[in-house]
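Whole structure, please, built from the sequences with the hints as guidance.
Just so you know, the protein sequences line up as chains A and B, in that order.
One point on numbering: in the working numbering, the residue at position 207 of the first sequence is 473, and numbering is uninterrupted.
One point on numbering: in the working numbering, the residue at position 228 of the second sequence is 268, and numbering is uninterrupted.
Incorrect hints may have been included.
[What the hints assert, rightly or not] Computed, partial: chain A to chain B, Cβ under 7 angstroms: (1) K305; (2) S306; (3) T356; (4) G362; (5) N469; (6) A503; (7) E504.
No lab work stands behind these hints: they were computed from the structure.
If you're wondering where the values come from, they're calculated on a predicted model, not measured in any experiment.
By construction, the Cβ of each residue, glycine as well, lies at the ideal position given by its N, Cα and C atoms.
Residue-level listing of the chains:
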Amino acid sequence: MKRLFQRAALAVAFALGGFSALAQTPPTVLIVGQIAEPKSLDPHAVTATNDFRILVNLYDGLVRYKDGTLEVEPALAESWTISEDGRTYTFKLRKGVKFHDGSDFNADAVKFNFDRMLKDDHPFHDTGPFPLSFNFSAVEAVNVVDDSTVEFKLNEPFAPFLSNLAYPTGLIVSPTAVEEHGKDFGRHPSGTGPFKFAEWQSNQLVAAERNDEYWDGAPTLEAVVFRPITDANTRVAEMLAGGIDIMVEVPPDNLAAFRSDANLKVVEQAGPHVWFAILNTKEGPFADKRVRQAANFAVNKETLVNDVLQGTATVAAGPIPPAFNWVESSVEPYPHDPERAKKLLDEAGVESPKVTFYVAEGGSGMLNPVTMGAAIQADLQSVGFDVAIETYEWNTFLGRVNEGLEGKADMAEMAWMTNDPDTVPYLTLRTEASPENGGFNSGYYSNPQVDDLLAKARSSTEQAERAELYARVQEIVHEDAPWLFVANWKQNAVTTAAVQGFELQPSFLLHLKNVSK
Amino acid sequence: MSAYVAKRLLSVIPVLFGLSIIVFLVMSMIPGDPATAILGAYATPENVERINRDLGLDKPLVQQYFIWIGNVLQGDFGRSFALNRPVLDEVTERFQATLILAGVSLVLCSVVGLVAGVISAVRQFGWADKVITFVVLAGISMPSFWLGLILILLFAVKWRLLPASGMYAIYGGGDFKDLLLHLVLPALTLAVVAAGVIARLTRAAMLEVLRQDFIRTARAKGLSERRVIYRHAFRAALVSVIPIIGIQAGFVLGGAVYIETVFQWPGIGAMLVNAISTRDILLVQGGVLVVAASYVLFNLAADLLQTMLDPRIGS
Numbered sequence: 267m268k269r270l271f272q273r274a275a276l277a278v279a280f281a282l283g284g285f286s287a288l289a290q291t292p293p294t295v296l297i298v299g300q301i302a303e304p305k306s307l308d309p310h311a312v313t314a315t316n317d318f319r320i321l322v323n324l325y326d327g328l329v330r331y332k333d334g335t336l337e338v339e340p341a342l343a344e345s346w347t348i349s350e351d352g353r354t355y356t357f358k359l360r361k362g363v364k365f366h367d368g369s370d371f372n373a374d375a376v377k378f379n380f381d382r383m384l385k386d387d388h389p390f391h392d393t394g395p396f397p398l399s400f401n402f403s404a405v406e407a408v409n410v411v412d413d414s415t416v417e418f419k420l421n422e423p424f425a426p427f428l429s430n431l432a433y434p435t436g437l438i439v440s441p442t443a444v445e446e447h448g449k450d451f452g453r454h455p456s457g458t459g460p461f462k463f464a465e466w467q468s469n470q471l472v473a474a475e476r477n478d479e480y481w482d483g484a485p486t487l488e489a490v491v492f493r494p495i496t497d498a499n500t501r502v503a504e505m506l507a508g509g510i511d512i513m514v515e516v517p518p519d520n521l522a523a524f525r526s527d528a529n530l531k532v533v534e535q536a537g538p539h540v541w542f543a544i545l546n547t548k549e550g551p552f553a554d555k556r557v558r559q560a561a562n563f564a565v566n567k568e569t570l571v572n573d574v575l576q577g578t579a580t581v582a583a584g585p586i587p588p589a590f591n592w593v594e595s596s597v598e599p600y601p602h603d604p605e606r607a608k609k610l611l612d613e614a615g616v617e618s619p620k621v622t623f624y625v626a627e628g629g630s631g632m633l634n635p636v637t638m639g640a641a642i643q644a645d646l647q648s649v650g651f652d653v654a655i656e657t658y659e660w661n662t663f664l665g666r667v668n669e670g671l672e673g674k675a676d677m678a679e680m681a682w683m684t685n686d687p688d689t690v691p692y693l694t695l696r697t698e699a700s701p702e703n704g705g706f707n708s709g710y711y712s713n714p715q716v717d718d719l720l721a722k723a724r725s726s727t728e729q730a731e732r733a734e735l736y737a738r739v740q741e742i743v744h745e746d747a748p749w750l751f752v753a754n755w756k757q758n759a760v761t762t763a764a765v766q767g768f769e770l771q772p773s774f775l776l777h778l779k780n781v782s783k
Numbered sequence: 041m042s043a044y045v046a047k048r049l050l051s052v053i054p055v056l057f058g059l060s061i062i063v064f065l066v067m068s069m070i071p072g073d074p075a076t077a078i079l080g081a082y083a084t085p086e087n088v089e090r091i092n093r094d095l096g097l098d099k100p101l102v103q104q105y106f107i108w109i110g111n112v113l114q115g116d117f118g119r120s121f122a123l124n125r126p127v128l129d130e131v132t133e134r135f136q137a138t139l140i141l142a143g144v145s146l147v148l149c150s151v152v153g154l155v156a157g158v159i160s161a162v163r164q165f166g167w168a169d170k171v172i173t174f175v176v177l178a179g180i181s182m183p184s185f186w187l188g189l190i191l192i193l194l195f196a197v198k199w200r201l202l203p204a205s206g207m208y209a210i211y212g213g214g215d216f217k218d219l220l221l222h223l224v225l226p227a228l229t230l231a232v233v234a235a236g237v238i239a240r241l242t243r244a245a246m247l248e249v250l251r252q253d254f255i256r257t258a259r260a261k262g263l264s265e266r267r268v269i270y271r272h273a274f275r276a277a278l279v280s281v282i283p284i285i286g287i288q289a290g291f292v293l294g295g296a297v298y299i300e301t302v303f304q305w306p307g308i309g310a311m312l313v314n315a316i317s318t319r320d321i322l323l324v325q326g327g328v329l330v331v332a333a334s335y336v337l338f339n340l341a342a343d344l345l346q347t348m349l350d351p352r353i354g355s
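Right, here's the structure in full:
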């Protein structure tokens, strides 16, 4: 009997030993907990930050963002020149770089990449669709000058061109691999990046191993594994159980617990994100600027970012996020001042204005839209607004908001993440960008001065000049208040204490080359 | 018998056909489209139109349906918009994972449910019956996603006995033992409610049978109580419990949707949730057809089993 007992105890101990070893991640392999399975590993075919986080480790672009900034520096291109008229960009390419499949990176490869995306008659255009190719719609032609020189002809001067090249849509894929795999290239990716694609198991993992020949120095890690874990609670549990080394997009509720755990490190970084509510400036109460300002004074954004978002965001002052630190703006957010809001409503002569407020159930970059919506509603009610919320599922929501708010709603939540200060105001605040013209100005804001400044900033190739112009835009739009400015999100991640050299980038991308553990 | 099976199998075809039309209609009626889902915030009418054209979604709905069904009849289920991959590849891969999870949990809930139900009936109003009834009610009432999370927190986070999520270990796993370890928590969570239902119904069926004349006759013949219960009563009760198990198979397949999400099990349920939210109509079609077909097959199997146990039905 005693013997039997001993044996059982041994078996249990053995089993436990065997099990707990499971939760250990191997020393030179980094396991990253992602929020979803990637759609494709073809950088030109995807739109989600979640996918970009993998892609920037497999591919390089001609240029990239300098570590910790949103400024552009050389990558596959060693240098470039811009013509006087701002319409010709000539890139000198790095020599001797090879794609993971062994083929050469050269000017022909660069041309192939952009022609595939932009030309309907390109033999591999059908390997798309390429949803973000409009980032390069200014590109008229890509010309091969010699093997290591390539020239981009633009149809108009377009300042955001370089930062669009640094964005994942500008990553360079191997033409040979595209030719070989066709539509399935997204499952058989080949680039020049620090890690080589190894394996993709549906909804389980994407694995990539070290590229020993990497032109910018081989990574320390032997391999990285990206695991999709869609349920946020499960992701948190997996982090606590030791099944992953890094977790991105930590739910605000769990941050405090992670912070107090000595075995974990919390990393934060402000990004070029802005969360706001579009106000309908064409009709209804928000057609009056004073009412729009009243809304901005009425809402307690400090409470929103500190309590609802648990400190994972800062209060937004205007349309341009502070992450673009080269834009020097002194505009301060609207303070929380209900008395002033009431006064403005009195001046405007409106009494308990009725407002229909579109709220999203979820969605990319929307943070916590339902709770945020309810908190905003409560603040607006307390100064006299009469707010009715209508909640929609994300895709339905986008469909309704993007076609314009006229006749339907007075305000709608929205969030944007960008790579250049041009993008958001250009797409959402110009007179020309109305929904009828295919733009995103769903609230019909129109100020000729802003239109003018944006046009100028877009065609200037001098960063200092652009910085001044955007600072002016920030100031005017803040004053006109076509939006309820709410928050700039700080992205976050958690790593185990063993992970070294991990940093989040303002671009929201995840560079793992210099990480070790 | 084989004619009966053939007839039942043939009757699946119109069901699947009708279902495919319903799925097509419903998917086209819900607001939003794949292009908007792909483009997100960048969904301008212009961009949406461009993507729709590239995906062949600019054609009239009826034409789209006939193109699709024509291709399906030739074995081509199309490509998933969102995953950029043939629907058939994705569905087959994911369905295997679901079959493993649903199969194991169906066996688990049947065995546990039947045993608990029989004990409960035989010891009616005794302490065993009371304990079982209490546990069963608790099991039925518990939301499974909540139970799943609690099990993860206890077994994976606190005690570190079992993996928290996934189907195989990321590193060094991949064998049968690894699979079993990953199966324990999701299969258990998925089985709890179904086991409760089966236990309740088995108890009721057993009580019903135990009151009947042939049981009294068997007891009067002097058969042992064990023999009376397991050879006579249980077999008779099983006839009315088997179809319930067939229905539970559908429940288990349906329940896999959220259990798979909680445990990040790479199955077809989690795939469908994603496919619907990205308006990936072809992937939804493929997934629904496979799930529906397997549901029909599960039920057919249950019916056949019932026929074998109860000769009155077959004739």
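Here is how each hint holds up against the structure:
no.: 1; hint: K305; in the structure: holds (6 angstroms)
no.: 2; hint: S306; in the structure: holds (4 angstroms)
no.: 3; hint: T356; in the structure: violated (29 angstroms)
no.: 4; hint: G362; in the structure: violated (32 angstroms)
no.: 5; hint: N469; in the structure: holds (4 angstroms)
no.: 6; hint: A503; in the structure: holds (5 angstroms)
no.: 7; hint: E504; in the structure: holds (5 angstroms)
Of the numbered hints listed earlier, those contradicted by the structure are 3 and 4.
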